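Engineer: Number 123 in numbering that gives the first Met the number 0 belongs to position 124 of the sequence shown; there are no gaps in the numbering.
Honestly, the hints are just simulated from the structure, not real lab data. These numbers were taken from a predicted model, which means no experiment stands behind them. Backbone N, C-alpha and C fix where the C-beta goes; we use that ideal spot for every residue, glycine too. Hints are supplied without guarantee of correctness; some may be wrong.
The calculated DSS-like cross-link candidates involving lysine-lysine, where the alpha carbons are at most 30 Å apart (straight line), are [to be verified]: (1) Lys34 with Lys114; (2) Lys10 with Lys34; (3) Lys91 with Lys114; (4) Lys10 with Lys114; (5) Lys114 with Lys62; (6) Lys62 with Lys92; (7) Lys34 with Lys92; (8) Lys92 with Lys10; (9) Lys91 with Lys62; (10) Lys62 with Lys10.
Quick list of the computed label-pair ranges, beta carbon to beta carbon [said to hold, decoys possible]: (11) Ile120 with Phe31: 41 to 51 Å; (12) Tyr76 with Asp14: 30 to 40 Å; (13) Ser96 with Phe124: 24 to 34 Å; (14) Asn24 with Tyr76: 20 to 30 Å; (15) Ile112 with Asp22: 18 to 28 Å; (16) Phe31 with Thr97: 31 to 41 Å; (17) Asp118 with Ser33: 25 to 35 Å; (18) Pro121 with Asp28: 11 to 21 Å; (19) Leu23 with Phe124: 29 to 39 Å; (20) Arg4 with Gln104: 34 to 44 Å; (21) Ile112 with Asp28: 23 to 33 Å; (22) Trp130 with Lys92: 19 to 29 Å.
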Amino acid sequence: MYLYRRLVQAKIFIDTHFSERIDLNCISDEAFFSKFHFIRLFRQIYERTPHQYLISVRIANAKRLLASGMSATDACYAVGFESVSSFTSLFKKQTGSTPSVYRQQQLDLQAAIRKAPLDFIPNCFAESNGWSKTAILKKPPSE
Numbered sequence: 000m001y002l003y004r005r006l007v008q009a010k011i012f013i014d015t016h017f018s019e020r021i022d023l024n025c026i027s028d029e030a031f032f033s034k035f036h037f038i039r040l041f042r043q044i045y046e047r048t049p050h051q052y053l054i055s056v057r058i059a060n061a062k063r064l065l066a067s068g069m070s071a072t073d074a075c076y077a078v079g080f081e082s083v084s085s086f087t088s089l090f091k092k093q094t095g096s097t098p099s100v101y102r103q104q105q106l107d108l109q110a111a112i113r114k115a116p117l118d119f120i121p122n123c124f125a126e127s128n129g130w131s132k133t134a135i136l137k138k139p140p141s142e
């Protein structure tokens, strides 16, 4: 149990310091393990290396920033990447699209939701709450 707590402590360290310049030495020191023992244990528990986990946390936070309208370059540096090209290739590898394409897709989706919010609510949920999509569409315009 004590080992697991130390690994969780290291994971929390990654979650809170992802935007800073951290490396394996910093993370393993946080858990009081040697680098190699730490990698082995972390992978055993989380099914990926600490570096892979750090990248996934950074990408997840970059997605949030991009969806808010931040540029790809600004998001790259805000989440702790030091190179736009490595950020772009890792982002594309994890999401299937480049950061700028992802950003535009998210902004388009947000605009579509603002324009017709009921289109994005499942019909069964809308009807159970008394929101009939057809009744709203047939409602005469207010004067």
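Engineer: State for each hint whether it applies.
Structural biologist: How the hints compare with the structure:
1. Lys34 with Lys114: With a Cα-Cα distance of about 52 Å, the restraint between Lys34 and Lys114 is violated, given a limit of 30 Å.
2. Lys10 with Lys34: Holds, at roughly 14 Å.
3. Lys91 with Lys114: Measuring from Cα to Cα gives roughly 29 Å; hence the hint holds.
4. Lys10 with Lys114: Given pair Lys10, Lys114 is violated - Cα atoms ~40 Å apart, limit 30 Å.
5. Lys114 with Lys62: Holds: Lys114 and Lys62 sit about 22 Å apart, inside 30 Å.
6. Lys62 with Lys92: Since the Cα atoms of Lys62 and Lys92 sit roughly 13 Å apart, the hinted pair holds (cutoff 30 Å).
7. Lys34 with Lys92: 26 Å, holds
8. Lys92 with Lys10: It holds: about 23 Å lies between the C-alpha atoms, which stays within 30 Å.
9. Lys91 with Lys62: 11 Å, holds
10. Lys62 with Lys10: Holds. Lys62 to Lys10 sits at ~20 Å (cutoff 30 Å).
11. Ile120 with Phe31: 41 to 51 Å: 49 Å, holds
12. Tyr76 with Asp14: 30 to 40 Å: The hint (30 to 40 Å, Cβ to Cβ) is violated, given that Tyr76 and Asp14 are roughly 19 Å apart.
13. Ser96 with Phe124: 24 to 34 Å: With Cβ atoms ~29 Å apart, the hint holds.
14. Asn24 with Tyr76: 20 to 30 Å: 22 Å, holds
15. Ile112 with Asp22: 18 to 28 Å: 40 Å, violated
16. Phe31 with Thr97: 31 to 41 Å: 39 Å, holds
17. Asp118 with Ser33: 25 to 35 Å: Hint violated: Cβ distance 54 Å, outside 25 to 35 Å.
18. Pro121 with Asp28: 11 to 21 Å: Cβ of Pro121 to Cβ of Asp28: about 48 Å, so the range 11 to 21 Å is violated.
19. Leu23 with Phe124: 29 to 39 Å: 46 Å, violated
20. Arg4 with Gln104: 34 to 44 Å: 40 Å, holds
21. Ile112 with Asp28: 23 to 33 Å: Because 44 Å falls outside the window, the suggested range is violated.
22. Trp130 with Lys92: 19 to 29 Å: 40 Å, violated
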